[in-house]
Each structure stands twice: as C-alpha cells, then as structure tokens.
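Chemist: When we follow our numbering, the leftmost residue of the sequence shown carries the number 436, and every step to the right adds one.
FYI, nobody ran anything at the bench for these hints, they're computed from the structure.
Beta carbons: idealized from backbone N, C-alpha and C, even for Gly.
Please note: incorrect hints may appear among the correct ones.
With a Cα cut of at most 30 Å, we get these calculated BS3-like pairs of lysine-lysine [to be verified]:
| hint | residue 1 | residue 2 |
| --- | --- | --- |
| 1 | 563 | 671 |
| 2 | 710 | 671 |
| 3 | 645 | 759 |
| 4 | 671 | 900 |
| 5 | 985 | 900 |
| 6 | 534 | 563 |
| 7 | 534 | 900 |
Quick list of the computed label-pair ranges, beta carbon to beta carbon [said to hold, decoys possible]:
| hint | residue 1 | residue 2 | range |
| --- | --- | --- | --- |
| 8 | 908 | 1002 | 15 to 21 Å |
| 9 | 853 | 645 | 27 to 33 Å |
| 10 | 721 | 752 | 21 to 27 Å |
| 11 | 690 | 644 | 41 to 47 Å |
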Amino acid sequence: MMSLCRRRLSSHWHPLPILKYRATVQAGHNSRHLSVHAPLRSKQTPDFGSGFTGSYDPSVESGRGPMFRKVNFGVPKFYPRDLKRRVDEYVVGQDRAKKTICAAIFNHYQNLRRRRQHEQEDKEKHEKLLRQRFARDRELSQRRWDSSPLEGKFTAHTLKMHAGNRGPLKDEAPGQASSTRQAHDLNASEGGSATGILKSEEPAIPEHVKIDKSNILVIGPTGVGKTYILETLSKKIQVPLTICDCNSLTQAGYIGQDVESCIERLLIEANYDVKAAEHGVVVLDEFDKLARRETTTGRDVSGEGVQQALLKLIEGTKVTVNAKDNRSSRTASPIPPNYSAAGPPTTSMPVSSPPGKVDQYTVDTTNILFVFCGAFVGLDKIILRRVSKPAMGFGGDVQSRHTGPAGSYTLPPETYSHLAHYSPHAASTFTPLDLVSSEDLQRFGFIPEIIGRLHNFCALSPLSKEDLYRILTEPRNSLVAQYTALFETYPSQLYFTERALSAIAERALASETGARGLKMEMERVLAEPMFDAPTPYVLITEACVKGLEKAEYWGKDGRHELLQRLEEERFNPQSPQHSLEQLRQAGEASLLDGKGAV
C-alpha cells in the first residue's frame, strides 16, 4: 500500500519540477544576457539630476569634476630658496654654488615624493580593481545560483526523505541531474566568457613618466665648504647621506675597499631601512684622486679601475650588503658598570656571544643621488689653455691675463656671461673652474663613460678675507661662538677685538687652506689662555694675534677696564693696518738704527 502511494506520488510529482526547471533555465538565459551587458553602464556619465539612492556599486566609477584630476601630492614644504636660507645660517658666501646645489637637492627630494605618491595611488587603484572584481564575481555567482535553484532544493528534499534509510540513495529523476549539469556547464561557460569581456573593460593602471636623477660634480679648493653645504642640506630634508673617501677605493680583487662599501655605509646611516637608503645621497669626496695615472708597473687599480667599477653603481644596479645580526658589535663596547678610575673592573667581563647570523640586504642604486667632490688641482690650467688662446701674427688679438693672488689667471668678466646665476657686480667671484667642460675633465684623467654620468657642474670660488672674517662671527656655530662657549665652562669670559679677528682672517688667507686655516689660528692664539684658565676675563688683541703681546687677563673686578680696552681697540677702517711682515721689518730697521747710533 505504501509503495503504491509512493509510486502514485512520484508519478504526479515529476511534471511540476520539470516545468519549473524549464522556466528557470529560460530566465537564466535572459539574466545571463543581462549580466554580460550590465558592466557597460560604468562607462556612462551619472545623472546628477536623479534622486538620492542608498545603494553603492563599487564597479561604477563616480563622476568628478576636473579639479580632482590634478596632482594630489600637495604643495612642497619648501623650495630651493628656502633651502638656501637654511644653508646661509651655517655657510658664508658661495651664493652661486648654493643655488645650484639647493636646486639639485630639491629636485631629488621632489622626485622622491612623487615616486611615493605614485606608489600609493597605484596601490589604491589596485585595491579598487580587486574590490570591483570581487563584487562582479559575487554578482555572477549569485545570478548563476538564482538561475538554477532546483539542484539545491531537490538535493535537500531527497536527503530529508531518505534520512532514515541506510541504503544507497536512488535518483528519482534520472534525466534531471544530467540536464541540470548541462545547464550549469552552459552557465559557467557563458559566465567565463562574460568574465573575459569584463576583464577587458577594466581600466589599466597608467604608467607614470620616469624622472631620471641628475648627479652633481662639485669643484673647488680645499676648505671652501663643499661637503659642509651637503651635510647641512641633508639635515634639512631628512634624507640619509654618507661621505666616502675615494682614496681608499680600489678595483675589486685588490687590497682596499670596493665601491660597494659606500652603499653599505649609506645603509648604516639609514638604520638598515632599505627604502630610505634607496633614495639617499652618496658623496664621493676626493674624487679627483681617481684620475687616470700613467703607470709602468701594472694596472691602475686605484684610478681608472675604480672609474670602471663606478659606472654600473651610478647608472643603477642592485647591491647585496651582508650585515651581522648583532649590529652592536660594529660600535665600541660600552663602559662596564663596575669600572672605576683606579683601574679596570674587578670582576671579569662575560665572554662575548658568538656572532649571529648574517642578514642580506639588496639595495637598488637607481634612485640614489651621487655627488662628486674634489679640489682638482691643476684643472684651472687646463681650462685656461683651452679658453685663452692668443692669436699669433700681425692684427691678432692678444688676450691679457692678469695674475690673481694665488698665481691663477683671471679672465674678462664677459667670459662668464653665459653661465647660470651670472651677475655683473659679482663677476669677480668667478674663476676658470666655472668654465669646466667634459673635454677638460677627460684631459684631467677621467674616462668619457663616467663624465657622461655627471650632469651638473658646480664650482666654488676661493674665500676672500671678508669671507673668512664673516665665517669667524656670522654663522650660527661660528668659531668665536664655539670658543666663547668653551671658555664659559672654565668659567671664563672670552673677548676678541675686531682688529684681532681681522688679523686672524688675514693669517688664515695666507695659509691657503680656506676656512680650515681659521681653526689653526684660533688654536695657536688661545693656547696660553686655555692653559692659564680659569681667569674671569680674557681679551685677545691684534698684537696678541701677531705675536707682539700676550693675552690680557682681568679679575672679577676688571670688567670696567676690559670695556675701556675694547673701546680703545675698536676696529676703525680709516686707521692704517700693518701686517706681521711689515712689523718685523720695522723692528729690524729700528734695531739697526739703534746699533748704528751706538
């Protein structure tokens, strides 16, 4: 009886699902056609006059005005003129060099900000495309499920009917499963084709314009502030900077340091931050020492060999740097807590732990800015031979060359009129080094390949007596301010007369060592007052600088006398000034006159 009822129910049950299935497949075909053409609406312009809707479709691009298409990484925090004002607080003179270097460093900083902004924008666009793709795939899967819901319902109904039966399940509609599977295969194939069509509709991430770096060549005599300007700028823009000495560089395989050592130092300055190191600044000091030399003993491993090794490093390559895990071993060991002035610690220190594993860092040098500095002694003569070529014979123009203070030749002011930042009233600050060209550098001893990688030439002029006097007093960390603060720790109060500072600048100019000569003169003049400390008041006069008198001391009650002495020694431009050589000659003449009178 039960089997008869079941047979009757099954005979009456079959036609209804089949009709539903046919209607569902037909609806699925219609919905599939709609799913293919639905994403095309994202290309249409939204209707701003339509009402508010609470639904959000991430696949539809929101229409925005033209203001949103502008560059979105903001206005720079500073400009080259702001950097120059910062450098002026520490470096005196060299206005033309400051303008050139500040502009180059600013462009490097802007290029760094631009790359970071583009990386952020590309990341956001990629995430948006992933969200759109996820929403589209979810919509397609939902439509496929809605187009054929019979499979899930029938399976659930069958499981409920045969829940108590332990025997194998029998398919009550044998033809329905195959037809359902064919419908699903057709739906999947159409969905795949729709997905292919939709993928082609996705907007591709645009490729940005790549801005190449501009390496700098800084030329100038010693002590004029080549590296000091770069150090000051690196602190302002907060970019890691390292200074490497080219004297210790050799070709790979020889005793000395490889060119990759400068990248390792830059990574240390960046605290092992690879991203920061890849946008840092490497200053190769004493670059002129890498000039090619004519050797008869063998290869020039410290000259042309290093130039060849620097080519790929400057152009852009990936350098692998090995660093130990215990980075504290690079620095000096700290003072133990049980250390006393009487001697070493009483207990033995623990044995240092074995070295840790070696970490490898890969640094890309493509975006690292390279700055080459050097004095280039003798390059001015090569430039003069090229520029000033007197015409021989009758009617020829004989170019006059005036000898400068250091034995160099000065050219007419109109020779420098084509240079950047030229000013007629500052024509006297130009030197033949400002006219340097690739031909001159090649004659000096550099290969053409490395000269072609130097894009910006910058020459610094020698310091005058007025510049040296300003260096003593004007900068924020001037030498007078440094020694005054040092004497305050004694405690003592140190004073200089203006004539004394002028005499120190004059002697430093005669030493031809630039601003470094000021430090030597200050140490010589203040040697005895440092030893005689503490004295409440110390005064350095012009006679003390020239070695004719000793430094003057006063006690706690001598402030009034000190101020009176300063008033007497106040600098007067109208008064005649005598150098040490003139005073010595005058003393010898007076001594001879005294002997003759005797």
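Chemist: Which hints from the list above does the structure break, by number from lowest to highest?
Modeler: 1, 3 and 6
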